[in-house]
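Using the sequences and the accompanying hints, generate a full structural model.
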Amino acid sequence: MSKLGRMVVLVLPLAAAMAVAAPASADDGDGTLNCVNGEICFRENANNSNNVKHFWNGANHWQQENCQLCHIAYRFTGTNHYVMDNANSVRNRDTICTVTLWDVDRYGVWFNYANFQWQSDSYLPVYNVNNGHSRCSFDPPNGL
Amino acid sequence: MGLWKMRCLAVGVAAGIVVGLGGCGGDKPATIPVNAQQPFDIVLGDKVGLIDYAVQRMRDTCMQAAGYPQNLQAIPDRPSNPYQSLTIKAQDFGPVTEDEARRLGFGHDTQGEPPRVVSFDPNYDLNLDRCKKSAEEKLGTDARETRQSYNGLVNDLLAYRREVTDNVPADLPEKTLRCMESKGYTVADRAEFLKKPQPQRFGVKFGVLDSVPEVTWTPPQVPGTVQVGPAIPARKYRPTAEESALAVAWFRCGEETGRIKHMVAAASALQLRYVEKYQDRLGELNPKIEALARNAAALATG
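Protein sequence lines correspond, in order, to chains A and B.
Counted from 1, the first sequence has number 177 at position 98 by our numbering; the numbering is strictly sequential.
Counted from 1, the second sequence has number 1571 at position 110 by our numbering; the numbering is strictly sequential.
Among the hints, a few may not be true.
[Stated by the list, open to error] With the Cβ distance kept under 7 Å, some of the chain B side facing chain A (calculated, not the full set):
#1 Ser1546
#2 Ser1672
#3 Val1683
[Claimed, not checked] Partial list, derived from the structure: chain A residues whose beta carbon lies under 10 Å from chain B:
#4 Asn116
#5 His160
#6 Asp184
#7 Tyr186
#8 Val188
#9 Pro204
No wet-lab data here; the hints were simulated from the structure.
Model, not experiment: these values are computed from the prediction.
Where a beta carbon is used, it is the ideal one built from N, C-alpha and C, also for glycine.
Here's what the structure looks like:
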């Protein structure tokens, strides 16, 4: 799925415009750049990038409401870069839950491709294909 | 446990067959025969669950003694295998009965989640690190490193799943599209569908999970406090009527083309390859996990 989101944004300019116009997503962790206890933290896949995105909760990075194949939310803090398919390390500082990461396959099926234990000491590498994450759960974040 | 569930479980255990939850949850049995080998049974997920449970419980007992009871009150009350998705299940590739397709479309009801415990208190942070370190050392001096290495290994094994859809018959997308067209479903771009044969491409609006306020909880950021968010309840997936109809057609076409059987067979073959590829690391780490799990069990009963 790693190329699908980008491709769809290209072929659906209206959707892309909506994405730019979308308000900041509600879940931004504590809003600081430090990954603190309780946050699930993603770091951008870019050389020397310190861009991060933090969540308190599980999230579908591939938003589908009213738009089956485009994503309209979740960017690295202070940038317009999508979190989806753009994170190469994760630090899970959820104090309770293992976090499961999700991708979507060629046939449109969500699958778990990585897990991160609670209270992680550091950012750990992850394959750069995220479409969502869940807490303490083997259900994709949107129920699909 | 009802008779049907007991029979499902007995058959599954005896024959190595994984029957979809839908088949064991009150629906008619899956009509798609699935006889998957489970090469990733070599991964010690249950034992890792036991280790995690022991560490978390010892950590949080220590936290309670330090004046922070929040985690002990919030953690799950039993061990669970954090690597359940390694088991190949037919329903992971789409609806496995017509009833399920009609009832759930392409979605699933979700289980609940425990509360969130988040910190704005540096003293909590110091104690959480101290208590985790102390809990891990009770299990073994290598507990943290072994657990982290094992998680990395499992993430490497999970990469098999990305290859599954490239290891099914090449004409499957075309057969799927022809079948769906015969049932009245069309796509705007045939070539694009053949590259990405996704049911989302038929222009049908999908449903949503029940909306509950607990999902979007954000803590009040009060310095010096520890905030506890509510547990998230189990939620129902509500497909649209068009999604249900599409899912029934997709299921029927899946039976005609053997889609799920092909996916399961590909998954099983790939897992075998990955076990061979990572056998040295499995051989090195499995005994260490076994030893930590023995210590965890002893601490739980001691």
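Hints, one by one, checked against the model:
{"no.": "1", "hint": "Ser1546", "in the structure": "4 Å, holds"}
{"no.": "2", "hint": "Ser1672", "in the structure": "11 Å, violated"}
{"no.": "3", "hint": "Val1683", "in the structure": "11 Å, violated"}
{"no.": "4", "hint": "Asn116", "in the structure": "4 Å, holds"}
{"no.": "5", "hint": "His160", "in the structure": "23 Å, violated"}
{"no.": "6", "hint": "Asp184", "in the structure": "5 Å, holds"}
{"no.": "7", "hint": "Tyr186", "in the structure": "6 Å, holds"}
{"no.": "8", "hint": "Val188", "in the structure": "6 Å, holds"}
{"no.": "9", "hint": "Pro204", "in the structure": "8 Å, holds"}
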